[in-house]
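Two independent chains are provided; combine them into the complex using the hints.
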Amino acid sequence: MTAKKTFNFESAMIDLEKIVKRLEGENESLEKSLELFEKGTKLAEQLRGKLDAAEQRIKVLQKDKEVEINREDIS
Amino acid sequence: MSSSQNSLSVSELTAKIKNLIEPKFSNIWVRGEISNFKHHGSGHMYFTIKDKSSELRCVMFKGLNQSIKFKPEDGMDVLLQGKITVYELRGQYQLIVQLMEPAGIGTLYLAFETLKKELLSEGLFDNSRKMKLPKIPKKIGLITSETGAALRDMINIFNRRSTYANLVLYPATVQGVSAAQDIVNGIKRLSSENDIDLIILARGGGSIEDLWAFNEELLARAISKCNTPIISAIGHETDVTISDLVADVRAPTPSAAAEIAAPSISELKQSINQQIEQMNTYFEHRLNKIWQKLDFLSERHALQKPIAIIDRYRQTAEKLSGALTLSINHLLSINLSRIIGLEKGIVALNPIDVLTRGYSIAFKKDGNIVRREEDLSVGESFILRTGNGKMKATKKESLSD
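Going down the list, the sequences are from chains C and V. Counting the first sequence from 1 gives a position; the working numbering is that position plus 16. Counting the second sequence from 1 gives a position; the working numbering is that position plus 337.
Chain V on its own, in the form it takes in the complex (with noise of 0.2 Å):
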């Protein structure tokens, strides 16, 4: 019995191998880690998939491998599902991959995951790619389901609180296949209607999978290429979509997206009260300007006359003081010219007004002002007063006009 004659050739033994092996593993799950990752410019994957102490070269081909919802990398993981063949050739076996899932967490949530890092790197989260809201929008685009509770949320918030802003619905489909193509193209009608200053995406709550649209790709490119500003409002608060994150604002709810969108017709009214309140402020402060110089006026002896004059004005100046305390309504543009005729006819009283337009007075010693030239004597001394100043002279001569 020689063992020569008992031998097979390297190939019947290989072919023995895959007959014995390929029917047992034809349709398998195993779970290792991956390494040695290389996605082929054929569009195939070559990687090895290990634990501790063994290893499995793999291959997914490229028409499955487009299929799988995250970037596989050295290090994850995973669970696979697939055939083991015997390649002989190189006498080697092999798992060709059918199926590729993360292990541990879910495929969804690692998608998400994987697409969020990379919009991250792209800078599409970015505060300086954000737009600002308008500060009042007239009118405000909605996508949402037309049969959600988000989209009655947000009517009664806009109906109670902002009546003014105009509402345009694009009736989206929030869930499915076609839901993140449809609300995509609810974004590009909306933007290309001019009138619409802002939009809003709202989606009531749901499971990871029902808020899926709100995680896709293209969704996440439309919402940061759109120069309609959007607030994005999906799920509950805890919910974090991707469309939240690229959105250039995030509200928790639906209904809060309707409030951060419009404020309230009291907000604006009271910001309307503050201006005419400052308006009112101002002209009191204005007003009480003129009292000051009333009272100056009226403790300068160098004006005797005018007294009575200062006066009336002061009564004036009292009336409209006390207009202006009732209320802004008193505060009409009649009381307003009084108060211009009365600043005018103080600062014509003002003598040092005059004196600055080039006139001076001349002083006695005594304090009494020179009217006539006969009050002074020759050689008498006089103070004379210009408008910035005052200086001593003396009476030289008479002089006939």
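Here chain C stands alone, though its shape is the one from the complex (with noise of 0.2 Å):
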């Protein structure tokens, strides 16, 4: 349900070690190795731009919006 496919780190990572598979299992024609190179130079420039480019952000929660139950308990 989510409105937008956002870049996923650790499923582009995964994308990438498949596509070293494919390529290392040497089943596939210099078109396609040419083709799942240029795949997987793409995705590494993502993920190293990714990585570079993070910038860490930290959230507080807000109690007040907590169920009941914990009020009670404490007083």
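Hint data in this document are derived by calculation from the structure and do not stem from the laboratory. Where is the CB? At the ideal position from N, CA and C, for every residue including glycine. Mixed in with the good hints there might be a few duds.
Claimed, not checked - Derived DEER-like restraints, expressed as beta-carbon distance ranges: (1) ALA69/C with GLU574/V: 32 to 40 Å; (2) SER697/V with ASN43/C: 26 to 34 Å; (3) LYS66/C with HIS622/V: 23 to 31 Å.
Said to hold, decoys possible - Facing chain C, a subset of chain V residues (Cβ under 7 Å, in silico): (4) LYS472; (5) ILE473; (6) TYR501; (7) ASN503; (8) LEU504; (9) TYR507; (10) ILE602; (11) ILE609; (12) TYR619.
This is how it looks when you write it as structure tokens:
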């Protein structure tokens, strides 16, 4: 139900590994290999870019929105 | 003086004894070993405590025995506080227990052991129940004190190593009566957020009392029910809490939890580079195969003319090999498309390849190729080469087209 498909680091990483495995299987034609290589290089660039651009965000949840049980237990 | 005149009724005597004993033993502590323990359906507990030579009957009523932090069992060494009463109906005295504590070892320790045993038998610590941690979490939920050192330590580690992971803090009370419930609420809250793929439960070091919330049953059950993987990092390395045992992963300290939770950026980059390296090696290998083909072709006398073409390919291959060994950045798609052209050209040059498409070549005995009909006279034998073998043949007669 996610509105937009965002870049998923872990699955991109897995995709890259799969590409390399396919290449190494050596069952691919050279054309297909090239296609895979280009895809792999692009993925690697994206991954590196994500890592370099990463800026950690820290969100602190507000207790006020917490369930009532908590309040009762404290008082 | 008749002895019957001075005699007492049983009731009178019993009442005297009762009056004598009860005020004297209205608040006593006694230590002994439990035997014949029965937790009656009514909720009351009936048992005996004994030592080497004596026994004492005991009762602990429902309203009081609910406060016991462990499960009394036969053989357990306990300290009891209460009063002695005389049960007139039977002429027996007994201890009405108000407080039961384990003797020798601390109450908390025993409560810990009791719960541990119970949860262990339920299989809550089984490895098969434990969830795998995500390799690269995008969002990590933290349940810890907003002001504690544990939070500071974890944020330091995340800031230094894994800035790609976002953090969500549930500021929890980690000590005191309400702590366990608060932490449970935190687990429920964080696990209800779909994009949080890992939760860390953390608290700095402290005494067993300080860490007690993490040994409470309701927290243990909330951890085991949670659908998001949980790392538990409570106290120092030597402190093991029930939470640590139930959690999917136990970390010795909060800092270690942060390291376990998310790989460092340099680790990830290394692994990306390794993939690129492997792709590079692959193409190098493929290029080497082309080299071998070129060498093979140039040695074949059947192809005199294409030697020049082969040399051209050889030069291209040389350039590409140079580029490959320089760096991965040189391995651009332009180079690769040249490898493709190269490989295709070589395939086209290979005469065997042509033959497999259904053609044959006729060789004279001296090895020369038969190019014209008159190269062979009638009756002359020759060799016919096909894609997968050779055969001997003889010219029977000339045919006009």
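Going down the list of hints, with the structure as the test:
1. ALA69/C with GLU574/V: 32 to 40 Å: The hinted range 32 to 40 Å holds for ALA69/C and GLU574/V, with Cβ atoms some 36 Å apart.
2. SER697/V with ASN43/C: 26 to 34 Å: The hinted range 26 to 34 Å holds for SER697/V and ASN43/C, with Cβ atoms some 31 Å apart.
3. LYS66/C with HIS622/V: 23 to 31 Å: Holds, at about 30 Å.
4. LYS472: holds, 6 Å
5. ILE473: holds, 4 Å
6. TYR501: holds, 4 Å
7. ASN503: Hint holds; ASN503/V Cβ to chain C Cβ min 5 Å, cut 7 Å.
8. LEU504: holds, 5 Å
9. TYR507: Interface hint status for TYR507/V: holds (5 Å vs cutoff 7 Å).
10. ILE602: At about 5 Å, which falls below the 7 Å cut-off, the nearest Cβ of chain C leaves the hint on ILE602/V intact, so it holds.
11. ILE609: holds, 5 Å
12. TYR619: holds, 5 Å
Checked against the numbered hints given earlier, this structure breaks none of them.
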